[in-house]
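Construct the entire structure; sequences and hints are all you get.
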Amino acid sequence: DPRVLIGRRMRVGEQKLPGIISLKAIHLTTPEERKEAPGLDSLYIDIGCTSREEAEALVMRGEPAVFDSRFMEFGVDCVKAKAIDDRIGCAVMLELLKNDLPYDTYFAFVVGEEIGSRGATVAGRRIQPGCVMVIEGTTAADMPDVAPHKQSCRQRQGAVVSLMDSDTVYSREFREKMLKAADEKGVKWQYRKSANGGTDA
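Each residue of the sequence shown is one higher than the one before, counting from 4 in the numbering used here.
It cannot be assumed that every hint is accurate.
To be verified - Within a straight-line C-alpha distance of at most 30 Å, the following computed DSSO-like cross-link-like pairs (lysine-lysine) qualify:
| # | residue 1 | residue 2 |
| --- | --- | --- |
| 1 | 38 | 19 |
| 2 | 196 | 180 |
| 3 | 191 | 180 |
| 4 | 27 | 85 |
Claimed, not checked - Cβ pair distances, simulated, as ranges:
| # | residue 1 | residue 2 | range |
| --- | --- | --- | --- |
| 5 | 11 | 149 | 44 to 54 Å |
| 6 | 152 | 106 | 17 to 27 Å |
| 7 | 18 | 88 | 39 to 49 Å |
| 8 | 44 | 133 | 46 to 56 Å |
| 9 | 154 | 94 | 40 to 50 Å |
| 10 | 53 | 194 | 53 to 63 Å |
| 11 | 64 | 151 | 24 to 34 Å |
| 12 | 149 | 53 | 43 to 53 Å |
| 13 | 153 | 17 | 40 to 50 Å |
| 14 | 18 | 153 | 39 to 49 Å |
Calculated directly from the structure, the hints in this document are not laboratory data.
Where is the CB? At the ideal position from N, CA and C, for every residue including glycine.
Dropping the structure here:
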């Protein structure tokens, strides 16, 4: 979303050069340009060079750039990090791996969810599990100006359990077993109120 990119710190190229996403200064824009969020084609990454030649000596065209977004704790039980969805699921699975589990359990750390669940497809075909649980992050939208029925979940109100989403209708039997176990162990949970998006399930 271009609206949240301006001013973000970046690391550019193999040398991980520091950079800032920038755009034309506001006093150089037209009144029409000020009415709309800038498009991606109007943004650039400033790496602090004074000429094109200097920039091209440091970074080749087409080299990758990544957000310089460090993990940070803030507020009450909140964290900020890049790519937290689905890394938060990986963190939960790493904690689960420390326990003796009552079932034969495979943990698949996969990639490609956002572009067609490619990693999950390969893992599912290789493992052929009897039951699957996808653990990841989700959206909340629990802000004061968002109506309660549009908030998919609320922060700090427990683990979020989906009934369905745009890709999957989840097993009622499995869900009821899981929620019964959560209640018995005093684990807070809540239903996800929206059905948009999808997961590796």
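Now the hints, each set against the structure:
A threshold of 30 Å between alpha carbons decides the hint, and for residue 38 with residue 19 the separation of about 34 Å lies outside it, so the pair is violated. At most 30 Å may separate the alpha-carbon atoms for a hinted pair to count; residue 196 and residue 180 meet this at roughly 20 Å. Proximity of residue 191 to residue 180 is assessed by CA-CA distance (about 15 Å); at most 30 Å being required, the pair is judged to hold. Taking the CA atoms of residue 27 and residue 85, the gap is near 26 Å; set against the 30 Å cutoff, the hint holds.
Taking 44 to 54 Å as the suggested C-beta distance range, the pair residue 11 and residue 149 does not conform, at roughly 24 Å. At roughly 37 Å, the beta carbons of residue 152 and residue 106 sit outside the given window of 17 to 27 Å. Roughly 29 Å separates the CB atoms of residue 18 and residue 88, a value that falls outside the hinted 39 to 49 Å. A beta carbon spacing of about 49 Å between residue 44 and residue 133 agrees with the range 46 to 56 Å that was offered as a hint.
Checked against the given bound of 40 to 50 Å, the beta carbons of residue 154 and residue 94, roughly 24 Å apart, lie outside it. Restraint check, residue 53 to residue 194: a C-beta distance of roughly 56 Å satisfies the suggested window 53 to 63 Å. For the pair residue 64 and residue 151, the supplied restraint of 24 to 34 Å is violated, since their beta-carbon distance comes to about 48 Å. Taken as a hint, the range 43 to 53 Å holds for the pair residue 149 and residue 53, whose Cβ atoms sit roughly 45 Å apart.
Look at residue 153 against residue 17: about 43 Å separates their beta carbons, and that is inside 40 to 50 Å. Between residue 18 and residue 153 the CB atoms are about 44 Å apart, so this pair conforms to the stated range of 39 to 49 Å.
Violated hints, in rising order: 1, 5, 6, 7, 9 and 11; the structure is consistent with all others.
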